[in-house]
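Novice: The lines below spell out each chain.
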Amino acid sequence: DAGVTQSPTHLIKTRGQQVTLRCSPKSGHDTVSWYQQALGQGPQFIFQYYEEEERQRGNFPDRFSGHQFPNYSSELNVNALLLGDSALYLCASSLPSGGYTFGSGTRLTVV
Amino acid sequence: QQQVKQSPQSLIVQKGGISIINCAYENTAFDYFPWYQQFPGKGPALLIAIRPDVSEKKEGRFTISFNKSAKQFSLHIMDSQPGDSATYFCAASIVGNTGKLIFGQGTTLQVKP
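Protein chains in written order, with the working numbering: chain Y, 4 to 114; chain V, 114 to 226.
Chain V with its partners taken away, still in its complex shape (with noise of 0.2 Å):
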């Protein structure tokens, strides 16, 4: 119940087109859902997070989309560039639980220009 399931495990995109990477969980107390960017030899970075009480947050070229019923969501990378090939991970957190994040396996993600 603690699992965060994340796919697909790689894409390839052209540059200009979408990225849409998916997770679903199944813990119902999860209330917080970040994505982290990672490249090699880095660490993962926070790219963008929702909480369940809204559908959809944008922030620049990136869109999470929120379903609570189905209990997904997905990143919409939109006008993808080389530039953002890394990997890329969702996680799930319950707030004011210490904040201990359950990451997907991760999607990685290349952009040929």
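Here chain Y stands alone, though its shape is the one from the complex (with noise of 0.2 Å):
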């Protein structure tokens, strides 16, 4: 049974650019939550997404964005990259009652 799988898994991106990242949520589960973490730190909620839609959203600006598609898979959007937003990103998926699954993350480095 894979578990959550999040893509890619390092990344480089320049100040300034646009960065994708990409999770594909454990079988059976339809709910998935990003999370970033920087070094040092715990992991802090970014938002959350069910049935297509932003469920709830963290401390986070508009240039965070994210989006989950019909087979509960889910992209986040970072525009206008800076430098601080170097950290792990982290997938979990989950039904909507909770129960966290986390992926091993996406290391983004902007330079």
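Fair warning: there could be bad hints in the mix.
[Said to hold, decoys possible] Derived coverage of chain V by chain Y (criterion: at least 3 residues anywhere in the stretch with Cβ under 8 Å from a Cβ of chain Y; other residues may be distant):
id, segment
1, 153 to 160
2, 200 to 208
3, 215 to 224
Everything labelled a hint here was simulated from the structure, so no lab data went into it. Yeah, the Cβ is synthetic: ideal placement off N, Cα and C, and Gly gets one too.
Make one complex out of these two single chains by using the hints.
Specialist: Here is the structure:
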């Protein structure tokens, strides 16, 4: 049974560029949440998608946007990248009631 | 009020010893308190979790102690092993409210052979 799959695993972007990260949820899960984990910190909630709609959003600017597809997979888009956006981006899938399974993340480096 | 404060930041324990990590929260609406283990290059993995209606939960060598009045909870790792060396995060959430997790800052545990 495949768990949560994220791609790519590593990414290097230049300031001002845009990036798209992808997530395939665990089989049977229909809810996808995205977290940002800065080096040496705990993950911070970005937003959650359920039934192709943003269900809740954390304290992140509008440069962070997302999408969920009918097959429950999801994308995280970040526009106008800043150096401070460098982090590990984690996708977690669940049922609406909770019970997260995390992926291994995408390591984004902004130079 | 949404914060979860975790201590210590790092911990070194001898093999066979007890590792103790503490967390404190402010929001009394939190009703689910999980602990996650994270190895380098991997995402967090659920270790053990507790609801506030019980004061202790044990799973193998891992025990959560929960003090509702003090708004504190802790993870105890008995008979710590070198394979337990990882970063541990406490978290809190409100069940039914999307399950959004508020994480602590993390504790890096090193178990020396």
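Novice: Evaluate each hint against the coordinates.
Specialist: Hints, one by one, checked against the model:
1. For the segment 153 to 160 of chain V, the stated coverage by chain Y holds: 6 residues have a C-beta nearer than 8 Å to a C-beta of that chain, and at least 3 were required.
2. Coverage of the segment 200 to 208 of chain V by chain Y holds [criterion: at least 3 residues with CB-CB distance below 8 Å; count 4].
3. Against chain Y, the segment 215 to 224 of chain V contributes 5 residues with a C-beta closer than 8 Å to a partner C-beta. That satisfies the three-residue criterion, and the hint holds.
No hint from the list above goes unmet by this structure.
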